[in-house]
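As you go down the protein sequences, you meet chains V and H in turn.
Numbering of the first sequence is given in our numbering, commencing with residue 1 and proceeding in unit increments.
Numbering of the second sequence is given in our numbering, commencing with residue 1 and proceeding in unit increments.
If you're looking for bench data, these hints aren't it; they were derived computationally from the structure.
It should be emphasised that the depicted structure is a prediction, and the values quoted were computed from it without experimental measurement.
Some hints could be false.
Straight-line distance between alpha carbons at most 30 Å, and here's what the computed DSS-like set of lysine-lysine pairs gives [what the hints assert, rightly or not]: (1) V/K112 - H/K337; (2) H/K337 - V/K308; (3) V/K305 - H/K337; (4) V/K112 - V/K539; (5) H/K197 - V/K305; (6) H/K151 - V/K218; (7) H/K197 - V/K308.
Residues of chain H clear of chain V, computed beta-carbon distances all greater than 10 Å [what the hints assert, rightly or not]: (8) Q17; (9) D30; (10) L150; (11) K151; (12) F158; (13) A258; (14) D316.
No residue lacks a Cβ here, since even glycine has one placed at the ideal position from N, Cα and C.
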Amino acid sequence: MLVIQANLRLMWGSVDGFLIFDFSGKLLQIGMKGVGLRNSMGHLVHNPSWEDQEINNFVIQVATVNGSGSQSANTILLKTLFRMGIPVAGKNVFPSNIAGLPTWFWIRASSKGYQARRERPNICIAMNPQTFKEDYALVLPGGYFLYNKDIPWPQQLNKRADITEIPFPVRELVDQVTQQIRIKKLLANMVYVGVLAELLGLDQECLEKSVMDQFRGKESVLESNFQTYQKGAAFAQQHLKDVTFRYKAQLVKDGNRDKIIIDGNSASALGLIDGGATFGAWYPITPSTSLVEAFAKYAPALRPKNQKTYVLMQAEDELSAVSMAIGAGWQGARAFTATSGPGLSLMQEAVGYAYYGEIPIVIWDVQRVGPSTGMPTRTAQGDILSAVFASHGDTKHPILLPGNPKECYDFGQMAFDIAEELQTPVFVLSDLDLGMNLWSVDRFTRCRQPFRRGRVLDVAALEERQNFRRYADEIGDGVAFRTLPGTPHPLAAYFTRGSGHNVAAGYTEKGGEYQEVVDRIAKKWLKAKTLVPKPVVHKESSAIGVIFYGSSEPAVTEALDLLRKEQSFSISTLRVRAIPFTDEVEQFISDHDRVYVVDLNRDGQLLSLLRMEFGQFCSRFLSIRHYDGTPITAETVYEPILVTENNRL
Amino acid sequence: MINSETNRLGLTKKDYQGSPSTLCTGCGHDQITNHIINALYQLHVHPYQVVKTSGIGCSSKTPAYFLSRSFGINFIHGRMAPLATGSVLVNPSLIHIGISGDGDTASIGLGGFIHLVRRNVPMVYIVANNGVYGLTKGQFSATSDIGSQLKTGEINPFETVDICALALEVGGTFVARSFSGDLKQMVTLLKAALKHKGTAVIDVISPCVTFNNHDGSTKSFSYMKEHDIRLHELGFIPADEPVVVDYPEGATEHIVFADGSRLVLEKIDSLNHDVHDRLGAIKLIHEGRKKGHVITGLFYIGETRPDLVEVMGLRDGMNLRDLTEAHLRGADEDFEKVLSQFS
Chain V
1 MLVIQANLRL MWGSVDGFLI FDFSGKLLQI GMKGVGLRNS MGHLVHNPSW
51 EDQEINNFVI QVATVNGSGS QSANTILLKT LFRMGIPVAG KNVFPSNIAG
101 LPTWFWIRAS SKGYQARRER PNICIAMNPQ TFKEDYALVL PGGYFLYNKD
151 IPWPQQLNKR ADITEIPFPV RELVDQVTQQ IRIKKLLANM VYVGVLAELL
201 GLDQECLEKS VMDQFRGKES VLESNFQTYQ KGAAFAQQHL KDVTFRYKAQ
251 LVKDGNRDKI IIDGNSASAL GLIDGGATFG AWYPITPSTS LVEAFAKYAP
301 ALRPKNQKTY VLMQAEDELS AVSMAIGAGW QGARAFTATS GPGLSLMQEA
351 VGYAYYGEIP IVIWDVQRVG PSTGMPTRTA QGDILSAVFA SHGDTKHPIL
401 LPGNPKECYD FGQMAFDIAE ELQTPVFVLS DLDLGMNLWS VDRFTRCRQP
451 FRRGRVLDVA ALEERQNFRR YADEIGDGVA FRTLPGTPHP LAAYFTRGSG
501 HNVAAGYTEK GGEYQEVVDR IAKKWLKAKT LVPKPVVHKE SSAIGVIFYG
551 SSEPAVTEAL DLLRKEQSFS ISTLRVRAIP FTDEVEQFIS DHDRVYVVDL
601 NRDGQLLSLL RMEFGQFCSR FLSIRHYDGT PITAETVYEP ILVTENNRL
Chain H
1 MINSETNRLG LTKKDYQGSP STLCTGCGHD QITNHIINAL YQLHVHPYQV
51 VKTSGIGCSS KTPAYFLSRS FGINFIHGRM APLATGSVLV NPSLIHIGIS
101 GDGDTASIGL GGFIHLVRRN VPMVYIVANN GVYGLTKGQF SATSDIGSQL
151 KTGEINPFET VDICALALEV GGTFVARSFS GDLKQMVTLL KAALKHKGTA
201 VIDVISPCVT FNNHDGSTKS FSYMKEHDIR LHELGFIPAD EPVVVDYPEG
251 ATEHIVFADG SRLVLEKIDS LNHDVHDRLG AIKLIHEGRK KGHVITGLFY
301 IGETRPDLVE VMGLRDGMNL RDLTEAHLRG ADEDFEKVLS QFS
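Next comes chain H alone, as it looks inside the complex:
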């Protein structure tokens, strides 16, 4: 009877689904799709309130596979960031979810990604990161680790682009990493990201079962199972649920969002990381990589910086597209005054 269950909006999980996926069976990206559906369903976000954006690549196909009742736009390669920037500014009351890939974000779209983060465009920016170009059949991407191997045995001689470290460097206000196979962590991070005011970057290691799931890969399911180090246990408490403290004193931290909902971080002893310490987060990422660890969890959160909508003097509920002649043409005497400057 699970299918007939509804959320508070009276919608079933099915109402959050999209067209059937055309990705390879077992693709990490399809797991991400499911996590997104779960997070939105559980948060009671109506599909009408969501806008999906993407670029080009396997990752960028996924917006077709969830939320059929939401508008989506699958833009050109590497330019989701500026496209979403324009879309967000016109209609800031909608929830923007962007899905990009490692090629789309870390290579062709690197510039746009950095500028989106530094502008703090309010949206969830998911990178489905598999370290490989899937649609063109298995070339290295910029997030491939140095020394990692292609299926052909070719070894990557170049340094990796770390999407999280980069986002932290340019002032990212919510920076997290996760693994597509970690349902609880992913759904919890997605919920927190959806509540965050500003850009929420989630770099998701999402194995490519066809081209990058072999022994020499550092982005395979088995590699992640062995090297994934969780920074903390995560819990999410909706605004209207009572806060039950069942963790030992001092070992948890609550991040409270604007609507009163909370992200609960339960610290793990070995990694005593402060999620408000930007430099510490960058250090943690780099030191983790040296040890061969893929650290996942929330690296950094900070809400002190205004988002782009605020910076531009706009506010939620205001839609530039709805402005009419009456809103856009001022008094004729002002027009004549301006013209008089030219006489």
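Next comes chain V alone, as it looks inside the complex:
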């Protein structure tokens, strides 16, 4: 059985849906997400609305124009909720554009801590005339549509009876604060902060602190922003006191005491800094650019102050970036590059060199939608296969798959340790949703493990030896010893090449000599299994298992909670955190009759790898795929499993 995510056209626009086929290709079911689930007759099967509590459970969508400076206002709202102790997450839905196109910011407050994207908001703040109609349509029944009164009500937009409209003046209030045209546009956003603060009942102290933090170092604009916020709040006090606003934010004592709210790219940068990176080469590309920028921002604070401890080189393209990293890795530095799909494609040849020349590097790929340029500001897990098998010839590379910003931090050092221990390129695959959106996670515990630098022979070690052969399997686990350039010893030097070479690093075209080396390299794959992070397994006594990875964690967790609660399902889960698969993966599949595999790509890339490795279990796999560029939602996982399991009868 195959579950395919599709885009179905509905009366108010397009909404994600899915089609379920059996193995013969017969259509079994059509589902539509977010609006409930329908069978192929169009009858509603289920209408998921599992967060019926209205306190600390709401989704806000702020619709603005790219470049209008709404980020400050949105950050203030998000931080205020966070500081009130409420579990919260923020997602920026933005175009590949600097100014003028529509952009949205979503804030989800969830008392249960669910952080996945929702399809539709409870509260919309409409600041953008271009998207006014679609924003209006998207608000969930029972929700609120707050809009800038200066935007003329679009003709032919029929009023909805199932939501509450709340107009608020922007121009009038901003005019009361400043006459400077240049900053009026930016201040406009603070009006909705004031209005919403009042309606939701945001804590004054948390809010003021968030405003102060946001404009720290920009005192010239602090005052006007604060005044505008107050104008918005005063407006709501005077004119909206009769509105029944069902959603409320309530202080949770110690709620986020041990949490931080952070984007994966910043977390990754902190991980690379503490993980010992001394060399980073990169080429600007969304969505990985902010990772390198975060490295540059935080390294001076995190590193000892008395000396230069790293170099960041902006290269002329990604192939040069990875080549620089290879040069640095060959010299023995902890070297990385950060990129996204198109960059990964460019790097292929050099990655194969590093694999065959056995040079440790870390490639941090913040995935976006492909193929080709694809959708640069949208998310996907589409690079799994091209990363695992990057480059021509027989190559395979260890992949780490962080599922949240905390793992982005932890995998920084781990990636270097594995790369240096195995003397090979290691990939870390994040994605735009994980990398650029704001996730609440447990405060990081600083990594304190010593660096594992692998088998490096220095002069003293060479003194103990009669000979040194760079590519000989002395230990028997596939990992040879290496020396670093400049080591002043007669045995030290060798010639690194991507052409055929024998165990002594000499040129060869003899089949046996060539094979001896590549067979040894293949053994590292087995050793990698002992070094990579094990999957996170949740075991229930059930025939159903779900395998997933990366940024789909929150959606899967939420969906399965609901299936357990509402449908009394027992479901086991396994979150893959690395390739090669460790033994736990095989055990998990063998323990379950039906294993759903959640992929954020069209072709089921993780599924392909599982099938390749566990051919004996092929008939157990079912595939759930989400690949429209949006972060996955709980419905995307919930509905196909529900339908498939109910149809089994």
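Start from chain V and add chain H according to the hints.
This is chain H only, laid out in the frame that chain V set:
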């Protein structure tokens, strides 16, 4: 008894040799190999201090044929420049010698080459330039002169890429051209290049005896013998040798390097070129080509620009690979402060 001679390090020439060359007998590239060995031997540079880098092609095989006791890396086609950039930054106290070819530098690796020069990566960048793809049996390269012929008689219809003019355009701080057959000029230029702080580009016309040494070629031994115009006579004076002025006043110029060693340029009357004049150098190259001349010598030298190591705030003797946990993890309170920005 010449083989038992040693330099000041007690090393013989043999200590500077590599594996036997597998290039065609008579290849210009093997001459370059010998010049490199001579220059390093005579400068008393220990092989341990040298790193050899290359790309792909006949030229790029040569690092295997000298300095067996030095580390070498033969990278992928056209990407020696970024590879060397990473290597230099990690370990700037080593002497980096890169050998590339005309295909490797002027075609597939053109972008990387330009960026290496504009960043002024401190290394010697030698282009063994024969105007032809040797390993794939004789296609034109981007440095083939317009109108020059292949062995098959095919005529190159495209403009040439002049590696020196290009290096000058992007701010090269040491730009020279030489001929593999000119031992004195080559060894002297190599010594100067090894002393230069920044990228030293030497474009060496190095004839391909198999595919590009025929009558229609502009990169053959005989063509070079007829068209090579030396810009100046060159001499090199090590730092610890007395400076003996035996040239007529005004006709020589001394370029003094950081360690006190000198490159002596003896001007030749017909070409009164100032090696500190970048635009003049570009003009000289283009005008020379129009006349059918292959001008060799040092076109330009300038040390006013900091090299990449300095720009990046690094210094010699500091090796990023040696930094340990203690160097790389700051105080825990700073870590907590950073985390607090996210709460």
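Each hint tested on the structure:
1. V/K112 - H/K337: Measuring from Cα to Cα gives roughly 28 Å; hence the hint holds.
2. H/K337 - V/K308: holds (21 Å)
3. V/K305 - H/K337: holds (15 Å)
4. V/K112 - V/K539: Given pair V/K112, V/K539 holds - Cα atoms ~21 Å apart, limit 30 Å.
5. H/K197 - V/K305: holds (28 Å)
6. H/K151 - V/K218: With Cα atoms ~70 Å apart, H/K151 and V/K218 exceed 30 Å; violated.
7. H/K197 - V/K308: Given pair H/K197, V/K308 holds - Cα atoms ~21 Å apart, limit 30 Å.
8. Q17: holds (13 Å)
9. D30: holds (17 Å)
10. L150: holds (27 Å)
11. K151: Consistent with the label, H/K151 stays out of reach of chain V, its closest Cβ about 26 Å off (over 10 Å).
12. F158: holds (24 Å)
13. A258: holds (21 Å)
14. D316: holds (12 Å)
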